[in-house]
Amino acid sequence: MHLLRIALAALMLGGGAAVLAQTGRDVPPAASTANPSGQNPTAASVREDQLLRELNKLQGRVSIPDGKAALLEQPQGREWRQFREGWLPWIGGIAILGMLLALFGFYFTKGRIRLDQTEESGVKILRFNAFERFMHWLTAVCFIVLALTGLNYIFGKRLLMPIIGPDAFAALSQWGKYAHNYLAWPFMLGLLLMLIVWVKDNIPNRVDVAWIRKGGGFLGDAHPSAYRFNAGQKMIFWIVVIGGLLMSATGILMLFPFSATDINGMQLTQAVHAVIGVLFIAAILAHIYIGSLGMEGAYDAMGSGEVDLAWARRHHDLWVEEQRAKTASGPQVHGARPVPAE
Amino acid sequence: MARMKFLCDADRCIECNACVTACKNEHEVPWGINRRRVVTLNDGKPSERSISMACMHCTDAPCAAVCPVNCFFTTADAVVLHSKDLCIGCGYCFYACPFGAPQYPRVGNFGSRGKMDKCTYCAGGPEADLTTAEYEKYGSNRLAEGKLPLCAEMCSTKALLAGDGEIIAQIYKERVVKRGYGSGAWGWKTAYRETVAI
Amino acid sequence: MLTKRKSGEASRGKLQSFASGLASGVIDRRSFLRQSGLAVGGLAAAGSIQLGAVRKARAAGTAVSGPQVQIKKNICTHCSVGCTVTAEVVNGVWVGQEPSWDSPINRGTHCAKGAAIRELVHSERRLKYPVKLVDGQWQRVSWDQAINEIGDKLLDIRQKYGADSAYWLGSAKYTNEAAYLLRKFGAFWGTNSVDHQARICHSTTVAGVANTWGYGAQTNSYNDIRNAKTMIIMGGNPAEAHPISMQHVLSGKEINRANMIVIDPRFTRTAAHATEYVRLRSGTDIPLVWGILWHIFQNGWEDKEFIRQRVYGMEDVRKEVAKWTPDEVERVTGVPGEQLKRVAYLFSHEKPATVIWCMGATQHTVGTANVRALCILALATGNVGKPGTGANIFRGHTNVQGATDLGLDISTLPLYYGLVEGAWRHWARVWDVSYDWLQSRFDEVPAKAGRPARTRKQNMEAPGITSTRWFDGVNLPEDQVDQKANIKAMMVFGHGGNTVTRIPEAVEGVNKLELLVVADPHPTSFATMGNRKDGVYLLPICTSLEMDGSRTASNRSLQWGEQIVKPAFESKNDYEFLYLLAKKLGFAEELFKNIKVENNVPVPEDILREINRGGWSTGYCGQSPERLKAHMRNQHKFDLVTLRAPKDDPEVGGDYYGLPWPCWGKPEIRHPGTHILYNTNLHVKEGGGAFRARFGVERNGQTLLAEDSYPVGSELTDGYPEITFGILKKLGWDKDLTPDELATIQRIGGNNVDAVSWAIDLSGGIQRVCLERGVMHYGNGKARANAWNLPDPIPVHREPIYSPKPELVAKYPTRPDERQFRIPNNGFTVQKAAVDKNIARSFPIILSSGRLVEYEGGGEETRSNPWLAELQQDMFVEINPADAAERGIKDGAWVWVLGPENNAKTKVKALVTERVGKGVAWMPFHFAGWYQGEDHRSRYPAGTDPVVLGESVNTVTTYGFDPVTGMQETKVTLCQIQAA
Amino acid sequence: MKTIILAIVAAVLLAGAAAYLLSVNQKPAYQAFSTTGARVTPTDNLVGPNWSGDPQGRGAGHRG
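Order-wise, the sequence lines are chains A, Y, S and Z.
In terms of my numbering, the first sequence has 159 at position 159, counting the first letter as 1, and numbering is strictly consecutive.
So the mapping is simple: my numbering equals the position in the second sequence, first residue as 1, plus 342.
So the mapping is simple: my numbering equals the position in the third sequence, first residue as 1, plus 540.
So the mapping is simple: my numbering equals the position in the fourth sequence, first residue as 1, plus 1520.
Keep in mind that the hints are not guaranteed to be accurate.
Calculated lysine-lysine pairs in the DSS-like style (CA-CA distance at most 25 Å, straight line) [claimed, not checked]:
| id | chain 1 | residue 1 | chain 2 | residue 2 |
| --- | --- | --- | --- | --- |
| 1 | S | Lys1052 | S | Lys672 |
| 2 | S | Lys1372 | S | Lys1445 |
| 3 | S | Lys1169 | S | Lys1187 |
| 4 | Y | Lys500 | S | Lys1177 |
| 5 | Y | Lys489 | S | Lys1177 |
| 6 | S | Lys1345 | S | Lys1445 |
| 7 | S | Lys612 | S | Lys1177 |
| 8 | A | Lys68 | Y | Lys489 |
| 9 | Y | Lys515 | S | Lys1372 |
| 10 | S | Lys891 | Y | Lys520 |
| 11 | S | Lys1206 | S | Lys1269 |
| 12 | S | Lys769 | Y | Lys520 |
| 13 | S | Lys1430 | A | Lys68 |
| 14 | S | Lys612 | Y | Lys500 |
| 15 | S | Lys612 | Y | Lys489 |
| 16 | S | Lys613 | Y | Lys500 |
| 17 | S | Lys1430 | S | Lys1447 |
| 18 | S | Lys1447 | S | Lys863 |
| 19 | S | Lys1106 | S | Lys1169 |
| 20 | S | Lys613 | S | Lys1136 |
| 21 | S | Lys863 | S | Lys1187 |
| 22 | S | Lys1372 | S | Lys1430 |
| 23 | Y | Lys489 | Y | Lys500 |
| 24 | Y | Lys520 | Y | Lys531 |
| 25 | A | Lys68 | Z | Lys1522 |
| 26 | S | Lys1449 | S | Lys1430 |
| 27 | S | Lys1123 | S | Lys1106 |
| 28 | A | Lys68 | S | Lys1449 |
| 29 | Z | Lys1522 | S | Lys1449 |
| 30 | Y | Lys500 | S | Lys863 |
| 31 | Y | Lys489 | S | Lys613 |
| 32 | S | Lys1225 | S | Lys668 |
| 33 | S | Lys1073 | S | Lys672 |
| 34 | S | Lys1024 | S | Lys997 |
| 35 | S | Lys1124 | S | Lys672 |
| 36 | S | Lys1136 | S | Lys1123 |
Computed spacing ranges between beta-carbons, pair by pair [what the hints assert, rightly or not]:
| id | chain 1 | residue 1 | chain 2 | residue 2 | range |
| --- | --- | --- | --- | --- | --- |
| 37 | Y | Arg535 | Z | Leu1541 | 55 to 65 Å |
| 38 | A | Arg53 | S | Ser1478 | 50 to 60 Å |
| 39 | Y | Met343 | S | Asp1179 | 45 to 55 Å |
| 40 | Z | Val1532 | A | Val197 | 38 to 48 Å |
If you are wondering where the hints come from, they were derived from the structure by calculation, not from laboratory data.
Note that beta-carbon positions come from the ideal geometry of N, C-alpha and C, so glycine has one too.
Required output: the full structure, derived from the provided sequences and hints.
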């Protein structure tokens, strides 16, 4: 099970997919002297058990151009299978169901965070411009499809195939694979844009520390002050960025197999991609919850891009002041149409 | 019922590639798809040994387990086959296979590699035995004709043994006892979780 | 791209059960099929896809094993082991191959080439129709037009320059019948310049071994090696050149726990299975063998009794061997004395022991001496003429043995009769043509450069020019070529252009020719050599799998191959082409006087019967077509080790498989053939024999006849000379002859009846009578350790022409310059120049060349077979890691290999391996199509270029020829390697 | 909602472009595993006439 340990270690370190370019080292010959003359080749034969103990895989020479064929035996294939069919479904299941239960539980205990009257001044302030919303939704849409098709690799044959039957499931999976491979590119693009545009607003600072100490307002009822993004939002930003980059790196490595690493590297890359993937999905579930059901009015920020000025002053006071300072003519007002809060 | 296995006696294999071309001939395997190949360890040194390797039709086959569309099936005589209609060409079976058996018609990226092809132990595929459709997708079906894989039948020094596991293990054991040396049943521990005690 | 799923019948219900079924682990295919909606009906649609012709036949039967499958048996056309090919033919299309379980030689197995041989007969890279080079472009012509134009040009050349100016390069891939036909064709055309691949294969073996104990062929067989307790494999790599022989070698090694000693400068795939590996410097075979003998004589391990009874001249060998002390041996060969002592002990004690050799021993300027040294080693230890012993000479091509036997050799007529008048008269009688007419076909050679003129008779009895130097016959100044005129026309049958050394000079030769004709299934590299604009014809000839005929394997067994499919495309078989050409040249009637010709195709069975009528000298008289076909039908009856069928079998009772020659007497007396030559433990009627008494009866006061050693059951219980009619009368056995046998002998003898020997008695009476009395008619003599008629009576070490150790050249120089085979052999001058120019410093690496298992010969045919070509796609040079490091060469990188002559260079890939020692490089010789860095693929006729092309090693190989046979020195020269 | 639609369209377009680029980069095995020394004529048993491995589909093939 050493493969899993490496996978978890890599996760902990948050290091990118460990690109293990294990070049095929020649097998240490039993008795290689300068001149083999006088030796007994029959008795000097290599033995499989001894080689596997020393090198844990058997690399040789073949006369055909496909270098991969020179790998005679790699027992790690069984270990990777043990991880992918044994551990991974559990990790995924616990992470995703766990998060869903947590959100479900939270919803039925704390309920939806309502807008109180003081936060409906009828005046709107621009939270996210069109481009920011576009890049968010580009990434989000792709993420949803990637998540579903990704999970299909793990849970499809366990949950979906019995329902729709192998033929339809195979066709679906084929489409799922294409979708996963090709939508990954817009996802990566969106990820990059989000990183570039929002990174300056997501640098953690003292205000965030205070925000966290107050439990983000969940514990007490006081609203801790926050800039454009409060600590929670900064956390999800960094989860998306780091997780996204890891997923992209391992994804690209898997999309161009053996271009940078050998088969054990590919196994590890897939393991990292899968584990981070399920955790990433879990995290995003929380994000989706809080951005839609969890807090009233939060969706507008990314839906229309405008939020109520009072709501903004309550939740992102320092950000509002910044905005006011920046625009001497007062808050950005778009048309005088008062928009009823949904 | 027989439990079909492969055993390559590395102390007889001379890397003459008869197994490779017999497979190419029998199933008209295209260029670039190498169902079987001979790997030489310690090439050029006195301990050099060559081993012919295709698919070992493993017990509890890793490829079958990791396949996201479960397109593998194991026949009653333990030959691991798969359906090219269900296969989506994702390549996971290649990572899982301890012996590098799966081959793909297209190479370059994960995207559209085409359907996986691998050694079928000359037992064809899910199509009806000995039909043209089976031949076009999986090659000929010698087992249905009561024969054994052609690679083993034509091996120049009878190094590659194919057939029921016990029988070929017995043959190999007798050889080792008679000649006094043997470098082991290569791949058996990994493939069948047991090996021939010599 | 939506992958279209099954047409709509995937009902949900059926699939539901599939998933659950899967969960329960193992399910059989039938249920998998049913559950997953892939019911048989749904698949019939898939079968409607139209595919290539081949599969159309396959589509006809639902499977290959349907009722319409015919099984045809032929012999693999690649190497000389003689594996049976079992072909499945449906509607005239070869659709599959099955293991030939019955054959005692390959027992179902094949090597890479045999298992892929089906591809040859429908390869799309075959030459499909005759083409002619017209101002640099290949133009399709009809067969008639080609034969007409070639015939006219040949007659024109004959008239202007003489018959010797047309060179007939035959093929080792010929059937016996075709080889015999071409030698007869050459005789009727009027030249002895008829040669084939044996020249560059085992020509030195045939000369050396024949001059030692009578016949120059493998004395035992592959199957017999199973009896050996010790085997020395010297200068041979059977794992790549004769893979199926390794089945017998390794089985023998295992069953007898035998010692397998491999002596080779390169650690080959064969050496990987050795029990003792000896690495020597290339070109030092004789010092090594004498080094072994030194220990044997030093400790008295030789078989004194055997030497006394059956060997002449061993004391001369003792004198020469005494010089080769272990430290001198180590200085020259690099092999420590201690190791050779071990080898000497094993070979002389753990018997029966056999010596196996191949090109490593023969392809040297001392090739003939090498093989004689090996024979002497076997003789000294009594390891000849018994099961598990002998000289197991592994011949190369499928029928190089048969083609050599049947005369494709510039120095003899079919079946080793030689070129003396008696031989010509014998064949004139068999061919039923007048001796004088034959003589009239030969040129008169005028006096030239101080050499006396030659009459037609003298020219008729003078060997032609060797195939290793055909281009010297073209390029050399007129006066240096000892025939009427230089070679003007090359008729190439089944022969690659890249297997002879000094290709740059061969290219010059091709440019100077007036006519080049290549008759081959593939264009061969001849089609790309030089920059000719015209005068080249490529004629498609079918492979031997597409015609009937017999071929002789290396163990001297003849096997009959039946036609598997009709000749592909517009190709014709060899018989038809030779008939059409003979008709055009005007001597078809004489040539085919007693050979039936059915619509232009001579009947091979008839040709074999004519061979039987004339093949008395070598025992080719008993193998009638009927007996050979009976053997092919009853292959399973022959024993694996003795190759013998049970005595009581009606069809093949008591026969050895393939009636290995000599098979004495007429077919009717059913001689079983001779599995093991010179075996005195068997009655001559059971295949027993003795050493031939062909060198006279006495020399320097010592008898040349065996002393109290004779075949079991012989009425003559001591050595005896060859049996003639005169001796028969002296013994009073002439009364055993039947009246018509007597009449035939008298007709042949004319006024000197007593001189009619067993070899020219067409009635076979002398042989029959001797066999009845247990007497071997070719005499019971001693083997000659001292061959006084050869240049070096006792083999002496001579450094290769391009030696890496100039200081040794002074002590062991090559033979002095001399004229051989009509042209000068200036080996001594070239060697001296190499030392003076210090070639060894600027070209420090020893270059050797050899076989790959995936390819064969010039490689054109096997490199056109995609199943083989995929396994070796690049020409390469094996270089030692130390040499590579010095030159900054990485594994797989491009390098230039530079040769010392013609400043030739080849661009190849580097294979960095310890297989070759430091200062040694090795290259395969099967590649062609690239020349000194340029890719000549475009020079092949459209669509006939082989799949894989590469540089030819013989572009950089050099001058050097064996004095006795003109063999080339491809096994050792010098080169320099640098990164490209 | 407008930006979401726009994002979806953009995603699909980019995916299409990626699909095209990836399939162009894809090589049949006979090209990927043949060296400068070989000129190969492809055969298609086992992998279907259009090298997709899908025996039924007749999509754009890499014939010859």
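Outcome of the hint check:
1. For the hint pairing S:Lys1052 with S:Lys672, the CA-to-CA distance comes to about 17 Å; that is within 25 Å, so the pair holds.
2. Using a Cα cut-off of 25 Å, the hinted pair S:Lys1372 and S:Lys1445 holds, with the two alpha carbons roughly 23 Å apart.
3. With a CA separation close to 18 Å, the supplied pair S:Lys1169 and S:Lys1187 stays within the 25 Å bound.
4. In summary, the hint linking Y:Lys500 to S:Lys1177 is supported, as the alpha carbons are separated by about 21 Å, within the 25 Å threshold.
5. Note on Y:Lys489 and S:Lys1177: the hinted pairing holds, with a Cα-Cα distance of about 22 Å set against a maximum of 25 Å.
6. Restraint check: the Cα-Cα separation between S:Lys1345 and S:Lys1445 comes to about 23 Å, which is no more than 25 Å; the hinted pair holds.
7. Between S:Lys612 and S:Lys1177 the alpha-carbon distance is near 19 Å, which keeps this suggested pair within the 25 Å criterion.
8. For a cut-off of 25 Å, the pair hint linking A:Lys68 to Y:Lys489 is broken: about 31 Å separates their Cα positions.
9. Note on Y:Lys515 and S:Lys1372: the hinted pairing is violated, with a Cα-Cα distance of about 59 Å set against a maximum of 25 Å.
10. Simply put, S:Lys891 and Y:Lys520 have alpha-carbon atoms about 19 Å apart, close enough for the 25 Å limit, and the pair holds.
11. About 22 Å separates the Cα atoms of S:Lys1206 and S:Lys1269, which keeps this hinted pair within 25 Å; it holds.
12. A distance of roughly 14 Å separates the Cα atoms of S:Lys769 and Y:Lys520; the hinted pair therefore holds under the 25 Å criterion.
13. Taking the CA atoms of S:Lys1430 and A:Lys68, the gap is about 19 Å. The hint holds against a cut of 25 Å.
14. Between S:Lys612 and Y:Lys500, the direct Cα distance comes to roughly 24 Å. Compliance with the 25 Å bound is thereby established for this hinted pair.
15. With a C-alpha separation of about 19 Å, the suggested pairing of S:Lys612 with Y:Lys489 holds against the 25 Å cut-off.
16. At roughly 22 Å between alpha-carbon atoms, S:Lys613 and Y:Lys500 fall within 25 Å of each other, so this suggested pair holds.
17. Pair hint S:Lys1430 plus S:Lys1447 holds up; C-alpha atoms about 15 Å apart against a cutoff of 25 Å.
18. A C-alpha spacing of about 43 Å is found between S:Lys1447 and S:Lys863, which places the hinted pair above 25 Å, so the restraint is violated.
19. Between S:Lys1106 and S:Lys1169 the alpha-carbon distance is near 20 Å, which keeps this suggested pair within the 25 Å criterion.
20. Among the hinted pairs, S:Lys613 with S:Lys1136 is consistent with the structure: their alpha-carbon atoms are about 24 Å apart, no more than 25 Å.
21. The hinted pair formed by S:Lys863 and S:Lys1187 fails the criterion: a straight-line CA distance of about 51 Å is larger than 25 Å.
22. As the CA atoms of S:Lys1372 and S:Lys1430 are separated by approximately 35 Å, the hinted pair breaks the 25 Å bound.
23. Straight-line distance between C-alpha atoms of Y:Lys489 and Y:Lys500 comes to about 16 Å, which keeps the hinted pair within the 25 Å bound.
24. Our distance criterion of 25 Å between C-alpha atoms is met by Y:Lys520 and Y:Lys531, whose separation comes to about 23 Å.
25. Between A:Lys68 and Z:Lys1522 the CA atoms are separated by roughly 49 Å; this puts the pair beyond 25 Å, and the hint is violated.
26. Restraint check: the Cα-Cα separation between S:Lys1449 and S:Lys1430 comes to about 10 Å, which is no more than 25 Å; the hinted pair holds.
27. Under the criterion of a C-alpha separation no larger than 25 Å, the hint pairing S:Lys1123 with S:Lys1106 is consistent with the structure, at around 23 Å.
28. Between A:Lys68 and S:Lys1449 the CA atoms are separated by roughly 20 Å; this keeps the pair inside 25 Å, and the hint holds.
29. At roughly 61 Å between alpha-carbon atoms, Z:Lys1522 and S:Lys1449 are farther apart than 25 Å, so this suggested pair is violated.
30. A distance of roughly 45 Å separates the Cα atoms of Y:Lys500 and S:Lys863; the hinted pair therefore is violated under the 25 Å criterion.
31. As the CA atoms of Y:Lys489 and S:Lys613 are separated by approximately 19 Å, the hinted pair is consistent with the 25 Å bound.
32. For the proposed pair S:Lys1225 and S:Lys668, the alpha carbon gap of about 49 Å is over 25 Å, so the pair is violated.
33. Pair hint S:Lys1073 plus S:Lys672 holds up; C-alpha atoms about 10 Å apart against a cutoff of 25 Å.
34. The suggested pairing of S:Lys1024 with S:Lys997 holds, with an alpha-carbon distance near 14 Å, which does not exceed 25 Å.
35. Between S:Lys1124 and S:Lys672 the CA atoms are separated by roughly 18 Å; this keeps the pair inside 25 Å, and the hint holds.
36. For a cut-off of 25 Å, the pair hint linking S:Lys1136 to S:Lys1123 stands: about 14 Å separates their Cα positions.
37. The hinted window of 55 to 65 Å between Y:Arg535 and Z:Leu1541 is violated, with their beta carbons roughly 44 Å apart.
38. Here the CB-CB span from A:Arg53 to S:Ser1478 is close to 54 Å, well matched to the stated 50 to 60 Å.
39. Checking the proposed 45 to 55 Å range against Y:Met343 and S:Asp1179 shows it is violated: the Cβ atoms sit about 36 Å from each other.
40. A C-beta distance of roughly 22 Å is found between Z:Val1532 and A:Val197, which places it outside the suggested range of 38 to 48 Å.
Violation of the numbered hints given earlier is confined to hints 8, 9, 18, 21, 22, 25, 29, 30, 32, 37, 39, 40; the remaining hints are satisfied by the structure.
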